[in-house]
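Please model the entire structure based on the sequences and the hints provided.
In order, the protein sequence lines correspond to chains A and B.
Residue numbers for the first sequence, in numbering that gives the first Met the number 0: 0 to 380.
Residue numbers for the second sequence, in numbering that gives the first Met the number 0: 0 to 123.
Check before you lean on any hint, since a few could be wrong.
Stated by the list, open to error - Derived Cβ-Cβ restraints for the label pairs, each shown as a range:
(1) B:41 - A:376: 36 to 44 angstroms
(2) B:55 - A:351: 18 to 26 angstroms
(3) A:360 - B:55: 42 to 50 angstroms
(4) A:279 - B:32: 43 to 51 angstroms
(5) B:71 - A:182: 18 to 26 angstroms
(6) A:1 - B:41: 49 to 57 angstroms
(7) A:40 - B:32: 45 to 53 angstroms
What the hints assert, rightly or not - Capping the alpha-carbon separation at 30 angstroms, the derived lysine-lysine pairs in DSS-like fashion look like this:
(8) B:100 - A:293
(9) A:263 - B:36
(10) A:311 - B:67
(11) A:369 - A:293
(12) A:66 - B:100
Unchecked claim - Over the 10 angstroms line for every Cβ pair with chain A, so calculated as not near, a few chain B residues:
(13) 25
(14) 32
(15) 45
(16) 57
(17) 64
(18) 79
(19) 105
If you're looking for bench data, these hints aren't it; they were derived computationally from the structure.
Keep in mind it's a predicted model, so treat the numbers as computed, not measured.
Where is the CB? At the ideal position from N, CA and C, for every residue including glycine.
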Amino acid sequence: MIGAYLDAAIAQARERAKVLKGKIPHPVAAPELGGLQRTCEEYLDQTIQALDYLKSDPQIRSPQSIKERLRIFRRALDDLSQLEATGIAALNRQNVDDVLLSKLVFQVHKEIRYPLQPPAVSALSQNYFMIYPRLGLLVVPLAESDSLLHLPDLYHELAHPLLAVSDNPKVEALQHEFAAFLSAVSLHYEQERLENARVTGPRDYFRQVLDLFEFQWGTFWAAETFCDLFALYTLGPAYAWAHFHLAATREADPYAVRPNIIAKHPPDQARMEAILHGLGLLHLEQEAGRVLDKWSALVALTGSKQDPNYRKACPRSLLEQAAEHALKGTTAIGCRIADGSASGKVHAMLNSAWQEFWKNPSAYPMWEKKAVQQLRAEFRA
Amino acid sequence: MSDMGLNASLYQQLRSYADRLDRAIAVLRGNDPVSVKLASAEIAAMLREMSQNSQQNPHARIVWMILKRELPRTTPEGVGIVPGLLASLETGKPGQTDIGKLEQIALTIDRECADAGARMRGRL
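This is how it looks when you write it as structure tokens:
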């Protein structure tokens with residue numbers, strides 16, 4: 000009964016995939032969007048192949064495999080709806096800001112010797128910066144192309160595909176460092192659990208808390224911390240300031256650790272500690288001192304205090320190991336390290352923006368307006 | 000990166016494991032001994048990489064951490080089923096019980112993948 004339903008639904012999904020192919024515009028507005036165009040077409044072809052497999056492969060069509068057939072079908076449908084809402088929508092609604100930001104990211108990829116194809120950018124995000132690694136699509140909020148202080152986050156987003164892609168020798172060295180760090184996380188919490196088993200008190204509760212911390216690191220925090228550090232190592236101090244800015248402008252306790260909820264992001268304090276250690280590894284101690292002063296003042300102002308679970312969740316040794324593994328990995332994949340001697344148009348502009356901001360905050364908006372105009376003129380040319 | 004973006008990365012990683020596992024399970028149910036042997040070897044390699052604390056493949060480690068936490072919801076022994084399963088797969092002739100265990104693993108990965116997909120779209 001369900002087999003017959005699936006036959007019809009699969010045929011319908013195949014037609015939908017073909018309709019979506021027709022929605023991909025040709026030509027695209029700028030060469031920088033060509034990669035997204037090709038990826039969307041390839042992705043649709045792969046989805047059509049998966050649907051054909053579900054339609055005609057005798058093993059997946061056997062009644063005993065109906066559950067597997069349904070699961071694969073649902074995921075194929077998910078792919079179609081994701082493509083429709085992201086990559087194809089971005090290509091269909093491309094505008095001048097998308098082209099400008101895509102050119103900017105293309106320039107960044109040249110400056111830092113980014114080892115993968117640079118993503119296209121769309122200013123359609125309703126949720127801050129994010130990237131779809133498989134599509135090579137980075138989305139940012141609408142007004143980001145008119146300001147500079149958050150743009151260092153582009154470097155963070157560029158790091159996610161480096162960790163997410165599979166079987167690519169160009170990024171294996173970084174992924175090995177990432178795996179080694181994950182291994183260090185597991186080892187750390189294994190030791191903590193052994194320790195916990197020896198103490199008196201609510202052992203089961205604390206064991207669950209330790210399990211949760213390990214899980215958060217494994218699924219989200221390690222990647223997020225590595226991406227922060229990749230951004231710091233390839234851009235330099237502007238990324239540390241961008242993290243300061245992000246944390247300062249959102250209402251969140253920098254030490255917040257909840258022992259009963261899976262948090263996707265590590266606490267802001269932990270991210271800053273890793274970044275400060277990273278600045279030290281770049282031998283930018285003076286800059287690290289300036290960031291730390293401002294950060295301490297900000298945290299004091301919010302009245303936040305270190306949560307008793309904070310150090311259990313974010314031990315300093317793990318944060319330092321993250322910084323060390325990330326630097327080794329970033330260097331090993333051949334990316335340019337911003338150790339003070341780095342140059343490049345975007346590199347200089349984003350670091351200068353933060354220097355100008357601190358030198359004369361009240362005059363900064365005018366400075367930024369001019370810098371953005373100049374940037375637009377250059378990329379238009 | 001936003002929460003949605005983090006889920007997009009996780010979704011991508013889980014998705015490839017979910018598809019490989021489901022396709023292989025369908026083959027294991029068939030009666031072609033050569034295909035069954037190949038599919039057994041593929042899943043065995045995947046499970047071995049996950050469970051042996053791989054220093055090479057971060058994706059395998061992440062999926063293993065998820066299984067450690069989520070598999071006990073459907074299988075009381077949790078990832079404790081993996082060593083026995085590996086031994087059966089390595090014979091190249093897994094039985095119905097083994098396929099049932101693999102189904103539980105596939106189901107767990109599929110659910111996590113679906114949740115990550117829903118969170119990525121802001122639906123959860």
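Would you list, in rising numerical order, the hints stated earlier that this structure does not obey?
1, 2, 4, 6, 7, 8, 9, 13, 16, 17, 19
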